[in-house]
Every structure is written in C-alpha cells, then in structure tokens.
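Each chain is listed here by its residues.
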Amino acid sequence: MNKKLKGWLIWIFALTGFLLISAIFSLSVGADKISLSKIVSLIFSPEKGIESTILFHIRFPRILLAIFIGGALAVSGVIFQGMFRNPLVGPYTLGVSGGAALGVTLSISLGLGFCLPLAGMSGAILAIFIVYFLASRKGLLRIPTLLLIGVMLSFLSSSLITLIMALADVTKLHGILFWIMGSLEESNLGLIRLVITLSILGAILSFFFAHNLNAFSLGEEEALHLGINVERTKKILFVLASLLTGSVVSVSGMIGFVGLVVPHFMRMFVGSDHRILLPAAFLGGGIFLLLCDTLARTVISPIELPVGVITGILGGVLFIYFLSKKQLVGTAK
Amino acid sequence: MLRVKNLTCGYEAGFFLKNITFSVNDGELMGIIGPNGSGKSTLLRAIRRVLKPLKGGILFKGKRIDRMGFKELAQKVSVVSQSAEEITLNFTVREYVLLGRIPYRRRFQILETKTDEKIVANTMSLTDITHLSERNVGELSGGERQRAIIARALAQEPELLLLDEPTIHLDIGHQIEILDLVKRLNEQNNLTVIIVLHDLNLASLYCDRLLLLREGEVHSIGTADEILTYSIIEEVYKTPVVVEKNPISSKPLICLVPGGKGEVKK
Numbered sequence: 001m002n003k004k005l006k007g008w009l010i011w012i013f014a015l016t017g018f019l020l021i022s023a024i025f026s027l028s029v030g031a032d033k034i035s036l037s038k039i040v041s042l043i044f045s046p047e048k049g050i051e052s053t054i055l056f057h058i059r060f061p062r063i064l065l066a067i068f069i070g071g072a073l074a075v076s077g078v079i080f081q082g083m084f085r086n087p088l089v090g091p092y093t094l095g096v097s098g099g100a101a102l103g104v105t106l107s108i109s110l111g112l113g114f115c116l117p118l119a120g121m122s123g124a125i126l127a128i129f130i131v132y133f134l135a136s137r138k139g140l141l142r143i144p145t146l147l148l149i150g151v152m153l154s155f156l157s158s159s160l161i162t163l164i165m166a167l168a169d170v171t172k173l174h175g176i177l178f179w180i181m182g183s184l185e186e187s188n189l190g191l192i193r194l195v196i197t198l199s200i201l202g203a204i205l206s207f208f209f210a211h212n213l214n215a216f217s218l219g220e221e222e223a224l225h226l227g228i229n230v231e232r233t234k235k236i237l238f239v240l241a242s243l244l245t246g247s248v249v250s251v252s253g254m255i256g257f258v259g260l261v262v263p264h265f266m267r268m269f270v271g272s273d274h275r276i277l278l279p280a281a282f283l284g285g286g287i288f289l290l291l292c293d294t295l296a297r298t299v300i301s302p303i304e305l306p307v308g309v310i311t312g313i314l315g316g317v318l319f320i321y322f323l324s325k326k327q328l329v330g331t332a333k
Numbered sequence: 001m002l003r004v005k006n007l008t009c010g011y012e013a014g015f016f017l018k019n020i021t022f023s024v025n026d027g028e029l030m031g032i033i034g035p036n037g038s039g040k041s042t043l044l045r046a047i048r049r050v051l052k053p054l055k056g057g058i059l060f061k062g063k064r065i066d067r068m069g070f071k072e073l074a075q076k077v078s079v080v081s082q083s084a085e086e087i088t089l090n091f092t093v094r095e096y097v098l099l100g101r102i103p104y105r106r107r108f109q110i111l112e113t114k115t116d117e118k119i120v121a122n123t124m125s126l127t128d129i130t131h132l133s134e135r136n137v138g139e140l141s142g143g144e145r146q147r148a149i150i151a152r153a154l155a156q157e158p159e160l161l162l163l164d165e166p167t168i169h170l171d172i173g174h175q176i177e178i179l180d181l182v183k184r185l186n187e188q189n190n191l192t193v194i195i196v197l198h199d200l201n202l203a204s205l206y207c208d209r210l211l212l213l214r215e216g217e218v219h220s221i222g223t224a225d226e227i228l229t230y231s232i233i234e235e236v237y238k239t240p241v242v243v244e245k246n247p248i249s250s251k252p253l254i255c256l257v258p259g260g261k262g263e264v265k266k
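Note that the protein sequences, when read in sequence, are chains X and R.
If you count the first sequence from 1, position 167 lands on 167 in my numbering, and the numbers rise without skipping.
If you count the second sequence from 1, position 188 lands on 188 in my numbering, and the numbers rise without skipping.
Hints listed in this document are in silico derivations from the structure and should not be mistaken for laboratory results.
Heads up, some of the hints might be wrong.
Computed from the model, here is a short list of chain X residues facing chain R with C-beta under 10 Å [as the list claims (entries may be wrong)]:
| hint | residue |
| --- | --- |
| 1 | 11 |
| 2 | 14 |
| 3 | 28 |
| 4 | 32 |
| 5 | 35 |
| 6 | 38 |
| 7 | 39 |
| 8 | 41 |
| 9 | 44 |
| 10 | 222 |
| 11 | 224 |
| 12 | 324 |
Where a beta carbon is used, it is the ideal one built from N, C-alpha and C, also for glycine.
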C-alpha cells in the first residue's frame with residue numbers, strides 16, 4: 001500500500017480510537033459515576049432506570065453534540081485559515097458568529113426566546129450576505145477586504161450586543177450571557193440530529209476541496225497557475241465554512257478557540273496537506289470539545305462551568321506552550 | 001506556439017501594457033528584458049491569464065487563451081513566478097512537487113496516481129533534487145528552492161514554461177545552474193520557454209531572441225546581437241554601457257560604466 005496513505009490511515013485510526021475512549025470516559029463520569037461494566041451491560045441489555053436515563057438521554061446526546069460541533073468548528077477553521085493563508089483567522093473572525101449572537105441576543109431581549117437557533121441562524125445568514133456583498137466587486141471576492149469587513153462586523157455586532165444588554169431587563173441578562181459563553185446543553189433531539197447531519201455534510205463537502213486548499217496554500221495566483229478556478233473556489237468555501245459555523249453557533253453559542261487552535265495542533269501532527277488535515281481536524285475538534293465539556297460538567301459538579309471558558313483556558317495554555325516549543329507551522333509566510 | 005496581438009491590459013492603479021504584438025515559435029527560448037516597471041511581469045501575468053486583456057488577445061497554438069478551461073491552460077502553460085519564492089509550508093519537497101499534478105486530477109480523485117508519481121520522480125531527477133525529496137520545502141537554500149519550484153512547474157507537463165526572474169537573489173554559480181537547466185529543458189525536452197531576466201548578460205548568453213519592453217510598450221524584438229547594442233541600451237535604460245564581445249560565446253557582453261549616469265542625459 002502507498003506509504004503516505006498508510007500514514008494517514010494510522011492517524012485516522014488513532015484519532016478515532018482516542019475519540020471513542022474519550023466518549024466512553026465521558027459517559028461514565030459526572031455528578032453520578034457510572035462504572036464501565038454498568039455501561040456495557042446497559043448498552044447490551046437496556047433496562048429502565050435512572051442510570052439508563054442519565055446515560056442515554058442526557059450524556060449520550062450531549063457527547064454526540066460535543067463531537068460534531070467540535071468537528072465542525074475545527075473544519076471551518078481549517079478552511080478559513082487555508083483560504084486566507086492566515087493562521088490567526090478562525091470561524092469567528094468573519095462576523096458570522098457575531099451575526100448569530102446578535103440575532104440570539106435580540107430575540108432573548110424581546111422575549112422571543114422560543115426559537116433561539118432560528119434567530120441565531122437568521123443573524124448568521126444576514127452577516128454572511130453583508131460580508132459577501134461588501135467584499136465582492138465585479139464578481140471578484142477580495143480576500144483582504146473580506147477579512148477587514150468581517151472583523152469590523154464582529155466588532156459592530158459585539159458593540160450592539162453590549163448595547164442591548166445595557167438596555168435589557170436584568171432577568172434576561174443571564175440567558176444572554178450564558179448563550180454567549182456557549183453551552184452544549186440541548187434537550188431538543190431534533191436539533192441535535194440536525195446539527196450532526198450538517199456537521200457531517202460540511203466535513204464531507206469540504207473534503208472535496210482538499211486539493212484546492214492545498215493549491216491555495218501557495219497563494220491565490222499560484223492556485224490559478226495550477227488550474228484552480230480561484231474565484232469560484234473562494235466563494236464556495238466562504239459560504240460553506242460560514243454556513244457550517246453559523247449553524248453550529250446558533251445551537252451551541254460561541255464556543256471559542258476550538259476552530260482556531262485545533263487546526264494548528266493538527267497541522268503540527270499531520271502536516272499541511274488538507275487531504276489528511278481536514279479529517280484529522282474534524283476528529284481532533286471532536287476530541288478537544290468533548291474533553292473540555294466533560295471537564296466543564298465534572299470539575300466542580302454538580303455546578304456546571306460554561307464550556308467556552310474551558311476551551312479558552314485549556315486551548316490558550318496548550319497553544320502557547322506548544323508554540324514556545326515549536327515554530328508555528330505556517331499556512332503562509 | 002504563442003501569438004500576442006495588440007494586447008492592451010493593466011491594473012486599476014493605472015499601469016498599462018499598450019499594444020503589445022509578438023509571437024514565440026515552437027521550441028524557442030525567448031527572453032523578456034526591460035527596466036523596472038516596464039511591464040515584464042505584467043506581460044507574463046497576461047499570458048497566463050491572471051490579467052484580462054482590455055483589447056487584443058493571446059493565441060496559444062491558434063486557440064484563444066480566454067476560451068480555454070482553467071485546467072486545460074494549466075496543463076499546457078506553467079509558471080515559475082517570484083511569489084513562489086516565499087514558501088514556508090510544512091510540505092516535503094516531493095509533496096510540493098506533487099502539487100504540480102493538481103491540473104490532472106479528476107473530480108473525486110483523492111490520491112495521486114502511479115503516473116503522477118512517475119512524472120514527479122522524473123521531473124525531480126531532471127532538476128536534480130531527488131536527494132532532497134523528504135526535506136521540508138521551507139528549509140531549502142535559494143538554489144535548491146528554485147529548482148523545486150521549476151520541478152513543480154515541470155510536473156504540470158507544460159508545452160510552454162514561463163519564468164519570472166528565476167535567478168533573482170541567487171549567486172552566480174546558482175544563476176548559471178538554473179539557466180543551464182532551463183536551456184537543457186529547452187533543447188533536450190523541446191520545451192518552449194519565455195523568461196523574464198534582469199541581467200542583460202545572462203539574457204544575452206541564453207536566449208534565442210529578446211523582447212525589450214519600455215514603459216509598457218515593445219521597444220524592439222530580435223536576437224541578442226540586434227537588441228543589445230549600446231545605443232538601444234542607453235536609450236532604454238538611461239545609463240551608459242560599453243558592449244563588447246563575450247570571448248567564449250561571442251555573444252554581446254555588456255559592461256557597466258560607473259559614474260556615467262549623467263552623460264547620457266546630454
């Protein structure tokens with residue numbers, strides 16, 4: 001077998017294995033500890049009871065959500081960093097998440113709390129449209145402008161959110177804050193299924209652009225020299241990664257750092273080739289968010305910490321540690 | 001091979017190529033020379049369809065390049081550009097050269113084919129970088145990196161190779177090495193080459209014909225003997241030179257005159 005393919009498959013198997021172990025670990029720990037043998041016996045001979053309810057109705061959906069949201073964030077991070085050739089860009093850089101947050105904040109403060117994900121998604125899509133149309137001229141999507149407008153839109157929406165919070169009713173503040181910090185507590189099974197589907201779909205679609213992203217890592221003009229339809233690729237990738245981010249953020253809130261840090265870690269381990277980087281980032285993102293969420297709900301249980309705080313602290317510390325040890329393996333320059 | 005007819009194109013900022021007409025024959029090694037800002041790189045970018053012409057057009061083997069597909073053009077014309085120099089990617093040299101096979105991949109094809117591997121092995125031995133294949137491409141020295149970039153461009157199996165100042169930042173040993181390589185590809189592999197060069201002596205030594213650009217227009221086209229005369233060079237470059245005969249190749253040899261800048265103005 002091809003040596004390169006073999007190396008890639010080993011990475012995929014190793015990461016998948018680690019993901020499964022993390023998931024089993026996460027199933028067993030929590031306010032109620034459930035032993036491994038109990039989990040196995042419950043899986044093979046389901047019986048009604050409090051443990052089975054905790055396992056299958058609370059922990060299991062939450063674990064799935066963590067894996068697929070983490071994966072989606074990391075994949076969209078890889079896409080954005082690849083197409084911008086900028087290691088500081090993440091899924092939250094381009095104002096999409098800001099738009100989603102604004103949508104949610106508005107709907108909470110106006111008392112329309114019944115369908116937050118819908119409000120978030122509307123905000124995200126609106127933001128995508130604004131950024132896209134302001135950054136394109138004569139059919140060309142200009143990458144530096146895209147970045148600037150996205151960053152400005154993020155600032156603008158965060159200011160507006162602060163304004164709304166200043167004016168909002170105190171009882172609603174907690175809801176807004178909690179959403180912004182991000183949480184994987186979601187009881188709506190349909191919504192969880194939707195996120196998982198979108199996350200898988202996004203990961204598969206992005207994989208077909210692995211070659212294009214590889215060409216992009218040499219620069220836009222070099223990608224053109226290699227026969228890539230650069231303008232079309234940029235547009236598709238921007239919309240794909242933005243929609244992926246938007247749909248994830250609408251459900252889980254702003255879970256920071258996953259989409260920024262995981263792509264870097266994975267690049268350190270598996271290299272810059274997007275054919276392995278994309279699937280590795282998906283798995284890595286899933287592992288990272290799952291472990292962070294497990295930590296968030298166990299570290300001072302029964303009180304639960306916002307998972308965004310854990311991802312930020314853990315991701316930031318790990319990242320700085322690795323960076324100080326190793327040169328940043330660049331997407332460019 | 002290539003015909004450029006009444007080409008006018010430019011950037012929004014206002015720089016323009018005006019009414020460029022010339023053609024390149026099969027198997028020719030054509031040099032483009034001219035002062036800074038005369039439009040050499042812009043002309044290459046127009047030929048590679050990075051820039052759209054405002055007027056006129058470019059024919060590749062009788063076919064309009066703006067009617068060719070992205071992949072189709074990439075399979076026939078490849079580029080060694082200056083921007084390719086700043087690669088600091090986490091790719092091995094072999095992976096980097098394999099990127100040159102991207103124009104040949106089919107939809108949904110993920111891995112390289114046997115043919116890809118064979119062609120890449122071949123271009124790497126042509127450019128003498130086989131021993132570097134597992135090194136990181138960001139760690140290469142200037143000359144090695146330039147050869148890796150050329151190997152990548154060759155992996156596209158082009159009929160026409162465009163090079164934008166491939167010898168810039170290289171010492172004389174590496175300059176000769178790169179241009180010898182280009183000449184060998186041109187002669188032995190029958191590759192048509194258009195090369196932008198700053199160094200007039202290198203242009204004189206290696207190119208079959210030269211195209212001299214001035215302020216976005218063609219000043220003159222011809223062999224080194226026809227173009228590299230002291231009167232033309234002084235007129236275009238605004239500095240006095242003495243043109244001798246190279247004792248080995250008997251091509252024109254341009255000698256610079258220090259402190260003579262003021263004298264041409266007269």
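For this session: Closer than 10 Å between Cβ atoms is the bar; does residue 38 of chain X clear it against chain R? Give me holds or violated.
Result: Violated: closest Cβ of chain R sits about 42 Å from residue 38 of chain X, beyond 10 Å.
For this session: Against chain R, run the beta carbon of residue 35 of chain X and see if the smallest gap drops under 10 Å.
Result: violated, 42 Å
Problem set entry | Hint status (Cβ of residue 41 of chain X to nearest Cβ of chain R, threshold 10 Å) | At about 41 Å, which exceeds the 10 Å cut-off, the nearest Cβ of chain R leaves the hint on residue 41 of chain X violated.
Problem set entry | Restraint satisfaction for residue 222 of chain X [CB to CB of chain R, less than 10 Å] | holds, 6 Å
Exercise. Was the hint right that residue 14 of chain X lines chain R, CB cutoff 10 Å?
Worked result: It is violated, given that the least Cβ distance between residue 14 of chain X and chain R is near 19 Å, above 10 Å.
Exercise. Can we keep the residue 11 of chain X interface hint, with Cβ of chain R closer than 10 Å?
Worked result: violated, 15 Å
Exercise. Is the shortest C-beta separation between residue 39 of chain X and chain R less than 10 Å?
Worked result: violated, 37 Å
Exercise. Per the CB criterion, is residue 324 of chain X less than 10 Å away from chain R?
Worked result: Constraint on residue 324 of chain X not satisfied, violated at 18 Å.
Exercise. When the nearest CB of chain R is found for residue 224 of chain X, is that gap smaller than 10 Å?
Worked result: Constraint on residue 224 of chain X satisfied, holds at 6 Å.
Exercise. Can residue 28 of chain X be said to touch chain R, with a Cβ gap under 10 Å?
Worked result: Violated, because the Cβ-Cβ distance from residue 28 of chain X to chain R comes to roughly 37 Å (cut-off 10 Å).
Problem set entry | Restraint satisfaction for residue 44 of chain X [CB to CB of chain R, less than 10 Å] | With a closest approach of 37 Å, the residue 44 of chain X hint is violated.
Exercise. Does the interface hint hold: is residue 32 of chain X within less than 10 Å of chain R, judged Cβ to Cβ?
Worked result: violated, 44 Å
The structure fails to meet hints 1, 2, 3, 4, 5, 6, 7, 8, 9, 12 from the earlier list, while all remaining hints are met.
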